[in-house]
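Here's the letter readout for the chains.
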Amino acid sequence: MAKQGSIVYLEDITVSFDGFQVLRGVDFYVDHGELRALIGPNGAGKTTLLDVICGKVRPATGRVIFGDNTDLTSLEEHEITMLGIGRKFQTPSVFKHLTLVENLTLALHQPRGIWSTLFGAVGTAQIDKIAPTLATLGLLEKAHHKAGSLAHGEMQWLEIGMVIVQEPALFLLDEPVAGMTKDERERTGQLLQHLAQNHAVLVVEHDMEFVRQTAHRVTVLHEGSILCEGSVDMVQRDPRVVEVYLGRGHKVDAHDSQS
Amino acid sequence: MKHSLAWKNALIPGSILAVLLLIGLPLLNALGVVSDYYLNLFGKYLALAILALGMDLIWGYAGILSLGQAIFFGCGAYAMGMYLMLQSSGQGVYGERIPDFMVWNRVTTLPLFWKPFQYFPLAVLLALAIPAVAACIFGVLTFRRRVSGTYFAILTQAMAFATWLMCNRNEMNLGGTNGLTDFKSLFGVSLNTPSTLRVLYLVTALCLVGSFIACKWLVGSKMGLVLTAMRDQEQRLRFLGYPIAQYKIFIFALAAALAGLSGALYAPQVGIITPSQIGVLPSLEVVVWVATGGRGTLIGALLGAVGINAARSLLTAYYPEWWPIILGGLFVGVVILFPDGLVGIPNQLRQRLRRTRAPLFERSVPGSVPSPATASAEGAQFNVPPFPATASAEGRQLNGGPSPSGRGL
Amino acid sequence: MLTIRNLNVSYGDSQVLWDVHLDVSPGQVVCLLGRNGVGKTTLLKSIMGLLTPRSGSITFHGQELTVLSPDERARRGIGYVPQGRDIFPDLTVHENLRVGLVARGVSNGTIPEEIFQRFPVLQTMLSRKGGLLSGGQQQQLAIARALVTQPTLLLLDEPTEGIQPSIILDIEESIQRLKQEGHMAILLVEQYLDFARRLADHIYVMEQGTIVLEGKMPELEEDAVKRYLAV
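Protein chains in written order, with this note's numbering: chain U, 1 to 259; chain E, 1 to 409; chain X, 1 to 231.
It is worth saying that the hints were derived from the structure and are not from the lab.
Computed from a predicted model, the values in this text were never measured in an experiment.
Among the clues, some could well be false.
[Claimed, not checked] Covered by chain U, per the in silico footprint, the following chain E stretches (three or more residues, Cβ under 8 Å): (1) 212-223; (2) 245-253.
[Unchecked claim] Part of the chain U face toward chain E, derived, beta carbon under 8 Å: (3) Cys54; (4) Gly62; (5) Thr73; (6) Leu75; (7) Glu77; (8) Thr81; (9) Ser93; (10) Thr117.
Beta carbons are placed, not taken as given, at the ideal position from N, Cα and C, and that holds for glycine.
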């Protein structure tokens, strides 16, 4: 039974790779209009959790309920995506041989069938949707460059842009600000907060500054289980989290780590 | 907008091709510069070029390596061959036409599966439909199971071998090792006269130009984008919501239909179809044609098909034993020396001369420098309103910008 | 130790680096700052030999590098950790690290204990295939592997990307220690100003393919730096 008001609800999810348990009976949910940060040590299972939601990995046990009643575990990846889940991967995976405009064209929210692709109209309406997104990401000047010629961080932005134009109900963003300057992180944070107003956003990140700025709630994953969940402040002061993840030298106060 | 661009990119080279093949060459033939023999030879090359077009679609654009395209070619060739055989056959025991080899094999009535091929429209339809349906079935069994890459290639090769084995057997009633041969007439007109062969050439050239324009349009449309993306990063495309298996099945079936068309045009011009033309080796040859010409360019497939077959005709006349070595050498040469094929050689030379290390991804707008003013103005808000006047200028700029995506890949 | 003068690098037709000058002395940590796309990674790749410059010189221990291939440069003691978790996915963690030993020419040697102290998680996963590690673990492996080669110049492209905060602190400690030992020089591209500020002896700020600002950290004006990093 789905938790009321949640956009996605994971129930008792277990995933094993090679005999190694990556997720152990995890119960997890995200609400509509929420911006949730998922943090935890490398190898805790954060990316795998995102993989389970979008169908890249099938759990050994458990269900994933989307919206009111849809069980995602029996659906294929493209069906899950079309239900309204957009994913940004940890390593930027854009189409390097296509231009930025072409990348975004493919991602636009429109029918994906063969007939629509062959005969679907491609016109000014599409450019009107693509140009603002490129401008927001600061990539307008490179609109006709091949995506492969972008710098690493720019590819991250392009991929974020591709998720945005998909117009999903739930955003799954794996390390969206990796490789960005402080200013760029702030801007991305603002963008995500803006998106969270009408959608749900689940972010995996290591930048605690960014998490503090943007997240409503934080979930800490450790060795495949949820260690702790709550506000940023609460989580940051939890001694277990300090022990396994933040490290003792980590500065909790925002002013101290100002850069 | 994009529609008309795709049409433009298709019709311009298509028209050039049409002028060369439908007007130019026949004119030279009429003037006696090109003999009937060579026109017929060229007609065969053009038929094979259609096969190469299909191969480029699936391999050069969609990234699907099939080592069994000759199967589908064979379907079309045998379909047309069966029709032609029935046209030329003597009467059987029950008064119906029945091919000679069946008589020799003591088959007294025409097998059921031969019967539709008594009628030309059905023969043509089946020449295209049988390969397409077979490709669909094969695709459903493989693509839906995420079989791809090397494993898929090996499976297609196994299918090619199996098909070759089957067609060799007399019990199949397809002429066994000898195949279908001795086609005498088409629509009551003898197949061996120059005028018939000229007509066949024109029909083939027309089909080739038509196929080329259709393929060019396809790759210039959004479908072309999807295919390139699929070749590039299938996973990413899947997570954008595209039903990958469906797309693969579609393009595979299309290529199979083209192969069937190619076979159907080839058989009457050559006068014979045997199992040796539908097995493993012919399938590999198609790959070599496309690789040598330059995959992912369509025109490269045409050049490769015509060029290599012309070379074969020339060289096997004088050095028949050397041909396999030359063919293999060509393939090795493509891999080592000119990976973009013949079509890519001018570009390679250009970069050699400039002595700059070739970048993997060319920026299409060199050295454009972002100005801080525009960047901050546009980037500041996220509820970026539909652009005012300046935006439509940008919109048009984005629209009209060149999109050189098909660069020799 | 490393001297770059008048370096100009192009991608095909478009020029990416314009007249770059840079110096790195032994035991120094030099940090490259700048927005995305200004050419920081391009500069590191040029030093490593993955890109051929149009003109200019790169000298290392007095020897001109531009005539050497990347593997020759590696053998002369330049280690490179590129952006994006570049490890061998089909080799185990142990094998990945041993590649570093082979590169140093001591394929029979053992992996220094220190590596496992810095990156304890790697010790628990010695026999797992690199491709099965999480992203952050792969990044740790990439850095560890470069350290195994014991380079005299280490090029790090965003080494902290994707790594959990506690390990970032550990990496910082390691680099501090290497600084004190004085043999290794480090050229670091980093977006975390905190990290950079605490470690760097010298900073170069890049903009549109050229160095626009340089200096020692305390002397550099905060605002000036921020201007170039702002959007």
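Which numbered hints fail: 4, 5, 6
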